[in-house]
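Following the hints, complete the assembly by docking chain E onto the known chain P.
Sequences listed follow chains P and E, in order.
Okay, so the first sequence: first residue is 47 according to this note's numbering, each after it adds one.
Okay, so the second sequence: first residue is 4 according to this note's numbering, each after it adds one.
A few of these clues could be false.
Said to hold, decoys possible - The list that follows gives simulated cross-link-like pairs (lysine to any residue, SDA-like), each with its CA atoms no further than 25 Å apart:
id : chain 1 : residue 1 : chain 2 : residue 2
1  : E       : K20       : P       : K174
2  : P       : K287      : E       : K20
3  : P       : K310      : P       : S165
4  : E       : K47       : P       : K287
5  : P       : K439      : P       : K412
6  : P       : K439      : P       : R369
7  : E       : K20       : P       : F211
8  : P       : K406      : P       : A371
9  : P       : K406      : E       : G54
10 : P       : K265      : P       : F410
11 : E       : K74       : P       : R294
12 : E       : K74       : P       : D296
13 : P       : K285      : P       : V247
14 : P       : K285      : P       : V257
15 : P       : K412      : E       : A29
16 : P       : K292      : E       : E22
17 : P       : K310      : P       : T199
18 : P       : K265      : P       : E74
19 : P       : K221      : P       : M279
20 : E       : K55       : P       : P300
21 : E       : K20       : E       : L56
22 : E       : K47       : P       : G245
23 : P       : K310      : P       : E232
24 : P       : K292      : E       : N65
25 : P       : K406      : E       : D43
26 : E       : K20       : P       : E361
27 : P       : K221      : P       : E232
28 : P       : K412      : E       : L49
29 : P       : K292      : P       : T220
30 : E       : K20       : P       : M286
31 : P       : K292      : E       : D43
32 : P       : K287      : E       : V24
33 : P       : K439      : P       : L125
34 : P       : K406      : E       : T39
35 : P       : K432      : P       : Q366
36 : P       : K221      : P       : M286
None of these hints come from the bench; they were simulated from the model.
From a predicted model like this one, the values you see are computed outputs, not experimental measurements.
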Amino acid sequence: MITETDVELPTLSPDEIKRYSRHLIMPEVGMDGQRRIKAGSVLCIGAGGLGSPAAMYLAAAGIGRIGLVDFDVVDFSNLQRQLLHGTKDVGTSKNESAKRRLNDLNPHVQVDTYETLLSSENALDLFKQYDVILDGTDNFPTRYLVNDACVLTGKPNAYGSIFRFEGQASVFATKDGPCYRCLYPEPPPPGLVPSCAEGGVLGVLPGIIGVIQATETLKLLTGIGEPLIGRFMIYDALKMKFRELKLRKDPDCPACGTHPTVTKLIDYEQFCGIRPEPDLSQVAGANVSDWEITPVELKKKLDAGETPFILDVREPNEYQINRIAGSTLIPLGELPRRYQELPRDREIIAQCKMGGRSAKAQDFLKSVGFTNVKNLKGGILEWIDKVDPTQPKY
Amino acid sequence: MPNTINIPTPLRPFTDKHESVEVSGATVGELLADLTTKYDGLRKHLYTDEGKLRNFVNVYLNDEDIRYLQKEQTPVKTGDTLSIVPSVAGGRV
Chain P
47 MITETDVELP
57 TLSPDEIKRY
67 SRHLIMPEVG
77 MDGQRRIKAG
87 SVLCIGAGGL
97 GSPAAMYLAA
107 AGIGRIGLVD
117 FDVVDFSNLQ
127 RQLLHGTKDV
137 GTSKNESAKR
147 RLNDLNPHVQ
157 VDTYETLLSS
167 ENALDLFKQY
177 DVILDGTDNF
187 PTRYLVNDAC
197 VLTGKPNAYG
207 SIFRFEGQAS
217 VFATKDGPCY
227 RCLYPEPPPP
237 GLVPSCAEGG
247 VLGVLPGIIG
257 VIQATETLKL
267 LTGIGEPLIG
277 RFMIYDALKM
287 KFRELKLRKD
297 PDCPACGTHP
307 TVTKLIDYEQ
317 FCGIRPEPDL
327 SQVAGANVSD
337 WEITPVELKK
347 KLDAGETPFI
357 LDVREPNEYQ
367 INRIAGSTLI
377 PLGELPRRYQ
387 ELPRDREIIA
397 QCKMGGRSAK
407 AQDFLKSVGF
417 TNVKNLKGGI
427 LEWIDKVDPT
437 QPKY
Chain E
4 MPNTINIPTP
14 LRPFTDKHES
24 VEVSGATVGE
34 LLADLTTKYD
44 GLRKHLYTDE
54 GKLRNFVNVY
64 LNDEDIRYLQ
74 KEQTPVKTGD
84 TLSIVPSVAG
94 GRV
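Next up, chain P with everything else stripped away, as it sits in the complex:
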């Protein structure tokens, strides 16, 4: 149980008693449990897909204080799953929109917003002010930062992560339980992780996973039930199956093991292999035009009657949304066994949604002996912006 100062549990007003009556009539929660919930606080890292359902249910359940760390602005593409935000909120800050929604759900809840990127500089100070940290982040640097800061401050991490139709959840960094680094000591190098553009997520999926995170938060605050500690839930929405894997606290864990090497927060972008792109124009001998082409340059080439082979490495469903006329679709994952279909005597222009996957395709093709391969800068999105605005963007 999180709250150690039982004597100082807040009281419930008549309004609150009415509001929480369905909790109060259950002996497992009751007045004591509800007061523990009210005494409790959660810091949501991200007010997006996972943060939305988690924060909304925790607010409705009567948690005392919710902190939101986000610096993003509501976009139309968020509305398919981020229920904290509505159509009228597009263009406004997620924190502001979330706070409005949470205040409306339950005015008894204090909502603190932090319009900032969680960083090694601010994480420890922020975490110290909350009982539970709810990790709803979508990238590795922040996930390792959250984990290490939880271990260093002794705060449990109600963890969730989603990808397409599959979700994961666990509770990390409790006193005796494993942390994320016990499971994954190090992140994958950037090149081996599917990028956001390859990802996508079923809109209802964060609803399930975020509510699991909220459930675990309530259990940690009230001390009821068996928290998801030392267990890793994997949910497959398509099969409608939950699988549970065992997690162990690794005595050699760099963060929470017996001889930890992580004793302070580090540079997580660097740890995850993400560095600012080198300015290749400054590198002696390198010529940007050898490996990259802009949409405008490609258009000029085509208008001049040149016939480069335009290789679209996206997935077929993306190709249905928009495409460059005359391009050939070979999804990145199929390229290793289909590259023989490509002409060796023509210039190849690799292209995807934003340029990430096609850069991988370019690297791969070079590794199997293609010499004249360029990457379309900014992908189909920049092509639409600069050359062909009649096509829809996604």
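Just chain E now, with coordinates in the frame of chain P:
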């Protein structure tokens, strides 16, 4: 006897979209070797250039992490299921 390996979503592009693959072998290592023989594109996602299982790829035999069994030497029985559980993030990396 064949065993099943569950393939996680991010790696399905390398298994012709299959969610699970039937493989044969007497140990976890042999099952994984059979898998990467069938789907060569998976190899670099699972193994380093030196042939070591990557440390961001966790392999479970049923519900137990093979790191806490006999790693790749762990023997498998009929009906055992192997799961590859990589770290996943939907974000910008």
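For each hint, the structure was consulted:
A threshold of 25 Å between alpha carbons decides the hint, and for K20 of chain E with K174 of chain P the separation of about 44 Å lies outside it, so the pair is violated. Taking the CA atoms of K287 of chain P and K20 of chain E, the gap is about 18 Å. The hint holds against a cut of 25 Å. As the CA atoms of K310 of chain P and S165 of chain P are separated by approximately 12 Å, the hinted pair is consistent with the 25 Å bound. Under the criterion of a C-alpha separation no larger than 25 Å, the hint pairing K47 of chain E with K287 of chain P is inconsistent with the structure, at around 29 Å.
For the suggested pair K439 of chain P and K412 of chain P, the alpha carbons sit about 29 Å apart, so the restraint of at most 25 Å is broken. This hinted pair checks out: K439 of chain P and R369 of chain P have alpha carbons roughly 10 Å apart, not beyond 25 Å. A threshold of 25 Å between alpha carbons decides the hint, and for K20 of chain E with F211 of chain P the separation of about 13 Å falls inside it, so the pair holds. Between K406 of chain P and A371 of chain P the CA atoms are separated by roughly 22 Å; this keeps the pair inside 25 Å, and the hint holds.
For the suggested pair K406 of chain P and G54 of chain E, the alpha carbons sit about 22 Å apart, so the restraint of at most 25 Å is met. Among the hinted pairs, K265 of chain P with F410 of chain P is inconsistent with the structure: their alpha-carbon atoms are about 48 Å apart, more than 25 Å. Between K74 of chain E and R294 of chain P, the direct Cα distance comes to roughly 15 Å. Compliance with the 25 Å bound is thereby established for this hinted pair. Between the alpha carbons of K74 of chain E and D296 of chain P the distance comes to roughly 15 Å, so the proposed pair stays at or under 25 Å and holds.
At roughly 15 Å between alpha-carbon atoms, K285 of chain P and V247 of chain P fall within 25 Å of each other, so this suggested pair holds. Annotation: proposed proximity of K285 of chain P to V257 of chain P holds, straight-line Cα distance about 19 Å (limit 25 Å). Distance check on the hinted pair: K412 of chain P and A29 of chain E sit about 38 Å apart at the alpha-carbon level, beyond 25 Å; violated. For the given pair, K292 of chain P sits about 21 Å from E22 of chain E by alpha-carbon distance, which is consistent with the 25 Å threshold.
A hinted pair counts as satisfied when its Cα atoms are at most 25 Å apart, and K310 of chain P with T199 of chain P qualifies at roughly 10 Å. Of the supplied pair hints, the one linking K265 of chain P and E74 of chain P holds, its CA atoms being roughly 10 Å apart against a limit of 25 Å. At most 25 Å may separate the alpha-carbon atoms for a hinted pair to count; K221 of chain P and M279 of chain P meet this at roughly 20 Å. Restraint check: the Cα-Cα separation between K55 of chain E and P300 of chain P comes to about 20 Å, which is no more than 25 Å; the hinted pair holds.
Distance restraint check for K20 of chain E and L56 of chain E: the Cα-Cα separation of roughly 22 Å lies within the 25 Å cut-off, and the hinted pair is therefore satisfied. Only pairs whose Cα atoms come within 25 Å are accepted, and K47 of chain E paired with G245 of chain P is accepted, the gap being roughly 20 Å. Of the supplied pair hints, the one linking K310 of chain P and E232 of chain P holds, its CA atoms being roughly 16 Å apart against a limit of 25 Å. For the hint linking K292 of chain P to N65 of chain E, the alpha-carbon distance of about 10 Å falls within 25 Å, and the restraint holds.
Between K406 of chain P and D43 of chain E the CA atoms are separated by roughly 17 Å; this keeps the pair inside 25 Å, and the hint holds. A threshold of 25 Å between alpha carbons decides the hint, and for K20 of chain E with E361 of chain P the separation of about 12 Å falls inside it, so the pair holds. For the proposed pair K221 of chain P and E232 of chain P, the alpha carbon gap of about 21 Å is at most 25 Å, so the pair holds. Our distance criterion of 25 Å between C-alpha atoms is met by K412 of chain P and L49 of chain E, whose separation comes to about 22 Å.
Of the pairs offered as hints, the one joining K292 of chain P and T220 of chain P holds, with about 16 Å between alpha carbons and a cut-off of 25 Å not exceeded. Proximity of K20 of chain E to M286 of chain P is assessed by CA-CA distance (about 18 Å); at most 25 Å being required, the pair is judged to hold. The suggested pairing of K292 of chain P with D43 of chain E is violated, with an alpha-carbon distance near 29 Å, which exceeds 25 Å. Our distance criterion of 25 Å between C-alpha atoms is met by K287 of chain P and V24 of chain E, whose separation comes to about 18 Å.
Only pairs whose Cα atoms come within 25 Å are accepted, and K439 of chain P paired with L125 of chain P is accepted, the gap being roughly 16 Å. About 21 Å separates the Cα atoms of K406 of chain P and T39 of chain E, which keeps this hinted pair within 25 Å; it holds. A C-alpha spacing of about 20 Å is found between K432 of chain P and Q366 of chain P, which places the hinted pair at or below 25 Å, so the restraint holds. For the hint pairing K221 of chain P with M286 of chain P, the CA-to-CA distance comes to about 32 Å; that exceeds 25 Å, so the pair is violated.
Hint compliance for this structure: hints 1, 4, 5, 10, 15, 31, 36 are broken, all remaining hints hold.
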